[in-house]
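Can you make the complete structure from the sequences, with help from the hints?
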Amino acid sequence: MAATLPGESSRGGEWQPGLRESALFDRNVIAEIQRAAREGIYDIRGFGAKRRLPHFDDLLFLGASVSRYPLEGYRERCDTNVTLGTRFASKPLELKIPITIAGMSFGALSAPAKEALGRAATEVGTSTTTGDGGMTPEERGHSKLLVYQLLPSRYGMNPDDLRKADAIEVVVGQGAKPGGGGMLLGHKISDRVAAMRDLPKGIDQRSACRHPDWTGPDDLEIKIGELREITDWEKPIFVKVGATRTYYDVQLAVKAGADVIVVDGMQGGTAATQDVFIEHVGIPTLCALPLAVQALQELGLHREVQLVVSGGIRSGADVAKALALGADAVSIGTAALIAMGDNSPDYETEYRKIGTSAGFYDDWQAGRDPAGISTQDDELASRFDPVLGGRKVANYLRVLTLETQTLARACGKSHVHNLEPEDLVALTIEASLMARVPLAGMQLPLIDELAVRVAPRVAGERDRPAARR
Amino acid sequence: MVADAALATEVVDLAVTPLRELNQRLHDVGRTGAGPARWRIVNPRGAHAVACGLDAELEVEIDGHVGYYCAGMNQHASVRVKGNAGTGLAENMMSGTVVVEGGASQSAGASAHGGLLVVHGDAAARCGISMKGVDIVVRGSVGHLSAFMAQTGRLVVCGDAGDSLGDSIYEARLYVRGEVAGLGADCIEKEMRAEHVEEVRELLARAGIDDAAAEEFRRYGSARQLYTFKVDNAGAY
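For the record, the sequence lines run as chains A and B.
The first sequence maps to residues 1 to 469 in our numbering.
The second sequence maps to residues 1 to 237 in our numbering.
No lab work stands behind these hints, which were simulated from the structure alone.
Warning: the hint list may mix true and false statements.
If you want a taste of the chain B side facing chain A, the calculated C-beta under 10 Å gives, among others [as the list claims (entries may be wrong)]: (1) Y69; (2) R224; (3) Y227.
So the derived list for chain B, only partly shown, Cβ under 10 Å to chain A, looks like this [claimed, not checked]: (4) N74; (5) M94; (6) S111; (7) E195.
Quick caveat: nothing in here was measured; it's all calculated off a predicted structure.
By construction, the Cβ of each residue, glycine as well, lies at the ideal position given by its N, Cα and C atoms.
Below, the structure written as C-alpha cells:
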C-alpha cells in the first residue's frame, strides 16, 4: 500500500509502481520547503525530536541465570523509593517511586491539565513541577510534593510560592532547546495567564534564554546561596540543564552547590519551539546520562548529589535502563500528556479538522488542542476532566513502576537502584559507545575494547620510525 | 515591654554573627510577628544575600558595602544600604523600599514585581531588566541594556542611559533626564504629557530627590511593533 500517512494525502500524491521517492527530498522535506516558501517563517511546534536517535531501545538487560539469581516476580520485595536533596537541604524530597513529572507551565497547559498531573503524582507518591508562568493554586493544592521552577523569565516568581514549594529547580535549559528561550504565542495568553505574567493579553510572551541576574557558574553559586538563605536552607535545590556539554555542565552545577542535577536529553518535549532547534541542537539522553554520571563520580558525589534524567522516557524499560546507567530518578513530560489523552483517537474527527491526525498532533503551541490539554481556551479546557486525567496518569505511573520492578527482579535486584551498567548490553555500536556498555556478545564496553585492543596497536604504529612504515 | 523591644534597634555585627543567623532572625520576625522592628547591620564587608527574603515591615540599615542579591525578593521591609551594592540588588522585590546611598552593580531590580528601589549613585548594566511592576529611581546614570524586556513599572534615571535602553520592552515606562546612548529594539521616545511629568514628580519625591525637575525628563516606551512575531520584522532583531 502507498506510504500515505493519515492526514497527508492532501499534501502529497499517491504512490504507484515506478514513482520513486527521494530519500533526501522525501514528502515531508518537500512539504516543509513549500510551507517555508509560502509562509516565510520557520515552523514552531510542540512535542520533542521526531528523528530517529540512539536511545534506550538499543540496550538490553542480561537477566539472571546460573551466574546470578533472580528475585521471585510476584513475591519478593523490590523497593522503588528515592530521596532527592540529601546534600544540603534540611527537608529533602521523599519519593515513593523514581519517576517524577517534569516542569510544564500553566500557560502551555490548561489549569485542569496541571491539576491532573498534581493528582496523579500525589496518588503514587511522587512530585510534579511548575513551569514558566508560576504556581497555580490548583496545582499546589493537588500536589503533595511540588517542585517550583526558577526560570530566566521569572514570570510569576514570588517568595511566597518559593516558601510553599517542596523543592526549587533552577532552570538553565531544556533538552528540546538548550541555549534557547521560549515563546508563548499570543493566542494562548488568556486573561489569567496574562495577569500571572504581568503582561498584556494576547501578545507573544517571550521567555528569556538567560537569567536576568546571573550569568556564569560563579554567579550561579551565589544565586543558589541566596535561594537557600531565602528559604532557610530547607528546600532541595535542583539545577536543570539541557543535554549538550553535559560533563562540564554537571560538574559546574555541582560545584555551584546543587543538591540535585536534572539532565534533559534532546528528546525532551516542548510546548513551542522552532522545529530546527528541536531536531538539531543537543545530544541524546543515552549519551548525556553516562557523561553526567562520570562527572558526578569524578567529584566523588554520585548518589550524594542525585541525578534526574529526562527526555524520551516512555516505558518501565526506559526507566530501568536509565537507573541502571546511574540515574537516581527520571522525569516524564510528553508521556504524561499522552497518558492524559493527548493524541487520543477519540478526537480523530477534530484532529482532521485542524489538518492533523491522532498520533501526529504536535501543534501544542497553537492552543487548539481538541483534548483540552495544551490550551487556554475555556471550552476546550472544560472537556478535560482533571479527576479522570489524573487517574490515567497515575495508572500509567504505576505501570512504569511495575515494569521497572519486573526488570530489576529479573536481574536479581531488591531495589531498583541496585540495577547497574553491567546488567546491560548494547544492540548497536553507537549505543555501546554512548552508553558505555558492551555490545551484546562482547565482554567489555566497546570504548574499553578499543582502548585495550586497538589503541596499543595504533600507538605501536605511531612509535615506529617513519622510514620503516 | 513589647513596645520597647519593637522600638529598640537591634545591632548585628557580621564580623561576629554568621550571615545565616542574621537572615534567620530577620525571617523569624516575619514568621512570628515578634522581635525588633529596627535593625542595624555593621561590617557587611561585601557579603552576598544580606537581608534577602524579608517578609515583614522591618527597617534595616546596613552600614557598608554589600555583595550580590542584597534585599532579594523583599516584601514589606525598608532596607537602606549605606555603601555600594553588588549584582542583583533587590532582585524580584515584591514590595517595600530598598535604598542604596552609593552605586549598584548590574541587574539592579531585576524581575522586581513591586516596591521602590532608589540608587543614589550610578547603576550598572541591565538596571531594571525584566522588571514586572517595580519603581526604580536612579540619581546617577544607568548602563547598557537597562530595562531589557521590561514588562511593567517605571524607571526614572536622573543622569544618562547606556546603549540599547529598553530593548524588547513591553509596557514599562522609562524616564531619562540626560543623554540616551541608544535605544534598543522596539523602544521609542514618546510624548511627555502632563500626567507623565506628574508621575516623575511623584517618584522623585518618594525617592527623596529634590534637585531634579520633572519637566527635564524625556519619556521612552514600547513602539509595540514586535509584540506579535511577524517575519517582516525579522530585520529588527
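- prompt: Would the stated hint for S111(B) survive a check requiring a Cβ distance to chain A of less than 10 Å?
  reply: holds (4 Å)
With 10 Å as the cut and Cβ atoms as the points, is Y227(B) at the interface with chain A?
holds (4 Å)
- Message: Interface hint check: Y69(B), Cβ to nearest Cβ on chain A, cutoff 10 Å. Holds or violated?
- Response: Status holds, d = 4 Å.
- Query: Taking the closest Cβ pair, is M94(B) under 10 Å from chain A?
  - Reply: holds (6 Å)
Notebook entry, point to check: Does R224(B) meet its interface restraint, that is, does its C-beta lie within less than 10 Å of any C-beta in chain A?
Noted result: With Cβ-Cβ at 8 Å, under 10 Å, it holds.
Chain A contact restraint on E195(B) - CB to CB distance below 10 Å | Violated. Min distance 20 Å.
| Status of the N74(B) interface restraint (C-beta, 10 Å, chain A) | holds (8 Å)
Of the numbered hints stated above, the single one contradicted by the structure is hint 7.
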